[in-house]
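Let the sequences and hints guide you as you build the complete structure.
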Amino acid sequence: MHYFDARIIENRALGNGYFVLRLGGCDSLAQSQPGQFIMLRGDWGRDPLLPRPISLLSVAPEGRADLLAKSIGRGTQLLEKSSPGTRVSVLGPLGNGFPEPTPDSLDLLVAGGVGLPPLFMQAENAARRGLVDRCEMVYGGRTSRDLVLLGEMRGMGLSSCLATEDGSVGRRGRVTTELEARIDHHRAAHPQRKLRVFACGPREMLWAVARIAEPHGIECYLSMEEQMACGIGVCLGCAIPARSRPFRYTCSDGPVFLASDLVIPDLVIPPAAGQTTGAAP
Amino acid sequence: MTTAPVDTETAERPSLATHCGAIEFRNPVLTASGTFGYGKEFEELIPLSAIGGLVTKGISPNPRFGNPAPRICETAAGMLNSIGLENVGVEGFAEGKLPFLRTCGTKVLVNFFGTTFDDYVDCGDRLGKLDGVDGLEMNVSCPNIKAGGIEFGRDPRVLGDLVRACRKVIAKPLWVKLTPNTSDIVALARACAENGADAVSVINTITGMAIDARTRRPRLATIFGGLSGPAIKPVALRMVYQIHRAGLGIPICGIGGIQTGLDAVEFFLAGASTVQVGTQNFIDPASAERIVREVEEFCRQNLVTDLREIVGALKTTP
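From first to last, the protein sequence lines stand for chains A and B.
With the numbering used here applied, the first sequence has no gaps in its numbers, which climb one by one up to 281 at the end.
With the numbering used here applied, the second sequence has no gaps in its numbers, which climb one by one up to 599 at the end.
Keep in mind that the hints were calculated from the coordinates and are not lab data.
Check before you lean on any hint, since a few could be wrong.
To be verified - Computed spacing ranges between beta-carbons, pair by pair:
hint : chain 1 : residue 1 : chain 2 : residue 2 : range
1    : B       : 519       : A       : 267       : 47 to 53 Å
2    : B       : 493       : A       : 5         : 46 to 52 Å
3    : B       : 321       : A       : 133       : 40 to 46 Å
4    : A       : 185       : B       : 502       : 39 to 45 Å
5    : A       : 9         : B       : 325       : 22 to 28 Å
6    : A       : 267       : B       : 349       : 33 to 39 Å
7    : B       : 328       : A       : 187       : 51 to 57 Å
8    : A       : 85        : B       : 343       : 49 to 55 Å
9    : B       : 344       : A       : 5         : 36 to 42 Å
10   : B       : 582       : A       : 150       : 55 to 61 Å
11   : A       : 14        : B       : 496       : 42 to 48 Å
12   : B       : 496       : A       : 145       : 22 to 28 Å
13   : A       : 2         : B       : 496       : 35 to 41 Å
Claimed, not checked - In silico EDC-like cross-links for lysine to aspartate or glutamate, where the CA-CA straight-line distance does not exceed 20 Å:
hint : chain 1 : residue 1 : chain 2 : residue 2
14   : A       : 70        : B       : 355
15   : B       : 514       : A       : 152
16   : B       : 453       : B       : 367
Even for Gly, the Cβ is constructed at its ideal location relative to N, Cα and C.
So this is what it looks like as structure tokens:
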């Protein structure tokens, strides 16, 4: 973990409020893992007061780090308007990351809207190791304007399955419907291959992903988002209910969690064949 | 009034050393409970030996797991929290956190609390006997379960009894962190002074709430939380000054929205002999060290050779 000043060297608008900030001076982020994040703050005076947790989209040599954000609240609105040369303070890399890609498994990278960055970085990491065919992006949003960086993903050689709620591109419906279809497809096409699911997006989407993956016994990792003030396990603001202990912390235990350690609302795991429900006859 | 430019290079290095109760500090800038973990979290971010001291997360006799989420939210120039006093408990602290603190190079105050009168005494007694603890800070902003959930620290008589009982078992310096959720802060400080406290920390968070109009829901799961940050500085300054002006003779540690050295100096002028930096540790995790430098710079610029000269030096006459 390092605390340093960086500069915005490029601010690229992608439409519909999405933008990619390219930071320079981030040499200490070079070894960051997909899933890790930074706490970022500009010279904002007292409004907003707290730094913003933002996932890394990509890190590259020469101290370059890319971030994807969507202009939603006060902090992201200010970032969207910031010009090249703007100084920002950075604390990072923070938190943990997704497991590394392996030749033995196929990883379904499930992204919802602005939850794309850690999965994009995971794919980039896989591509760098020659394992891009061991992952597949399943990417959803409200409309085609919520699906960004598609060209970059094609450029990596990444296979992507898209879903939009309005049907403007890809399957009409939610990303989780597409995920179910992809699981069925891979189960039928390569029954021996180990599937893993890595997901990042809105909370309800993540719970739905876990409700799909868990009953199949598929290893499922969720990258969580929660309000936080510090990013380093001090404020204890980012608690989420867990199974192994009452709470885990998004910043210091996560942001990536095994779904099986989180308390997933309405999760039903059917009993394995041959087992009873435990009810008395 | 001097206005001559000061050659800060050659000016004598001002003395920032101070004491609060029986604890000698190399400088008056401490970090506040709940915003600095157990110290180790900031080890890579600032040299801990550069700050006057740190106050740990509040410790209770047994571990606590805290409140449901959302636990924090940002507000205008501040933040609300309702963490629920989550902590590792006395044993977890002694075994897991204290070994590092013994070698961290700064003074260590342990914040503590209980949910019953006996809890407080038991917790203070056990923590006070630990090697490596320089002093204790009692958090009295906890609901008194036996008294219907009213904070221990709101009633001067209850507070006085609690301080007296803890004082009996705690040989080390005992500070009391006062709640600002009162109509008479001086009465609370007096109850502490008259019952043997060594210092008062002023102030803890101010109770508040925030609402999301679109969802019609409170922004915190517990509805109410504690407001901190620059938004509360004027209230904190007022309370520090009121206690100082009352002439109780008890040292004051000023807390509330300190972001810069100049903010800290305002607290010294109001009567605080030390200060704690809280929410600012989240905004800029290296700020406590910077604030020490800025206080020193202020002293140089204003020909203050010993920081103690400006404690309570507020001018209120025309």
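Now for the hints, and whether the structure bears them out:
no.	hint	in the structure
1	B:519 x A:267: 47 to 53 Å	holds (51 Å)
2	B:493 x A:5: 46 to 52 Å	violated (33 Å)
3	B:321 x A:133: 40 to 46 Å	holds (43 Å)
4	A:185 x B:502: 39 to 45 Å	holds (40 Å)
5	A:9 x B:325: 22 to 28 Å	holds (26 Å)
6	A:267 x B:349: 33 to 39 Å	violated (18 Å)
7	B:328 x A:187: 51 to 57 Å	holds (55 Å)
8	A:85 x B:343: 49 to 55 Å	holds (53 Å)
9	B:344 x A:5: 36 to 42 Å	holds (38 Å)
10	B:582 x A:150: 55 to 61 Å	holds (57 Å)
11	A:14 x B:496: 42 to 48 Å	violated (28 Å)
12	B:496 x A:145: 22 to 28 Å	holds (25 Å)
13	A:2 x B:496: 35 to 41 Å	holds (37 Å)
14	A:70 x B:355	holds (19 Å)
15	B:514 x A:152	violated (48 Å)
16	B:453 x B:367	violated (24 Å)
Taken one by one, the earlier hints fail for this structure at numbers 2, 6, 11, 15 and 16, listed in ascending order.
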